[in-house]
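A.B. asks: The hints should help you fit chain B onto chain A, whose structure is shown.
Next come the chains, spelled out residue by residue.
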Amino acid sequence: MKAYSILITSSPYHGDCAQRALAFIDGLLANGDTLKHVFFYGDGVYHCNNMMLQSGNDFYVYGAWESLASTHNTQLLVCITAAVKRGIVSQQEAAESGISAVNLTAPFVQAGLGEFFSELHQCERLVQF
Amino acid sequence: MATLLIRFTQAPYTSGKSQEGLDFALAATNYGHIVHVLFEGEGVLQLVKTDAVNTLKNHSKRLASMPFFDIEACFICQDSARQWDISALLANTDVAAELDAHYVDAPARISLINSADHVVTF
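The listed protein sequences derive, respectively, from chains A and B. Numbering-wise, our numbering puts 102 at position 88 of the first sequence, and it's gapless, one number per residue. Numbering-wise, our numbering puts 75 at position 25 of the second sequence, and it's gapless, one number per residue.
Quick caveat, the hints were computed from the structure, so don't treat them as lab data. Cβ coordinates follow ideal geometry from the N, Cα and C atoms, glycine included.
One side of the interface only, derived from the structure: several residues of chain B facing chain A at Cβ under 10 Å:
| no. | residue |
| --- | --- |
| 1 | Gly66 |
| 2 | Glu70 |
| 3 | Phe74 |
| 4 | Ala77 |
| 5 | Tyr81 |
| 6 | Gly82 |
| 7 | His83 |
| 8 | His168 |
| 9 | Val169 |
| 10 | Val170 |
| 11 | Phe172 |
Isolated chain A (complex conformation) (with noise of 0.2 Å):
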């Protein structure tokens, strides 16, 4: 059994990446490996915007990260100054900036680098998609 770390840096619509990364958690969650976290980081942010809308038979990224964290209770840590700095905001910074909607809501948290470096002592693998 291994702990994984994912780490995300593709947008949402880059090629196949998404459905890469969901198909791999799948099968390591099914091998019965363990999944310590997933963290977004550059444009891999973009993952994380609750304003993405389902858009006719395309792959819905958005509720496939919800429907993963809800099933299997997954930390998705969002890298919080690669967000901030590309529009991705929760309450508080919304409310800081005087900025009239939040994008970045739970299942999705924010996150430091230090964090997703502090986790990855306890973790044997670091898959990047």
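C.D. replies: Relative to chain A, chain B alone:
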């Protein structure tokens, strides 16, 4: 403690990847990880010293700070260096020297990857 191999594969100012990759590498050593760096593909162009560009952070200057963050193992893909002919561009720069970066051939790149616990690509 894990050994991370960070691969820089993008030119310095094409996207934010080079900057965020460097932030990632610098943060890793702060939290007790060992970082090795490999410049590959267009990433070798990051080693060319540039002046500050408008409001963009000066990438080559930031790169040169890596040794102060205990990042001392830096490698340059020999094939990419040849392909991009960086030797001509590097003639009047010392970023590679400041990093004490070494050229590696394909088998050496593979052993770098094999010797790391984790590989992250920017």
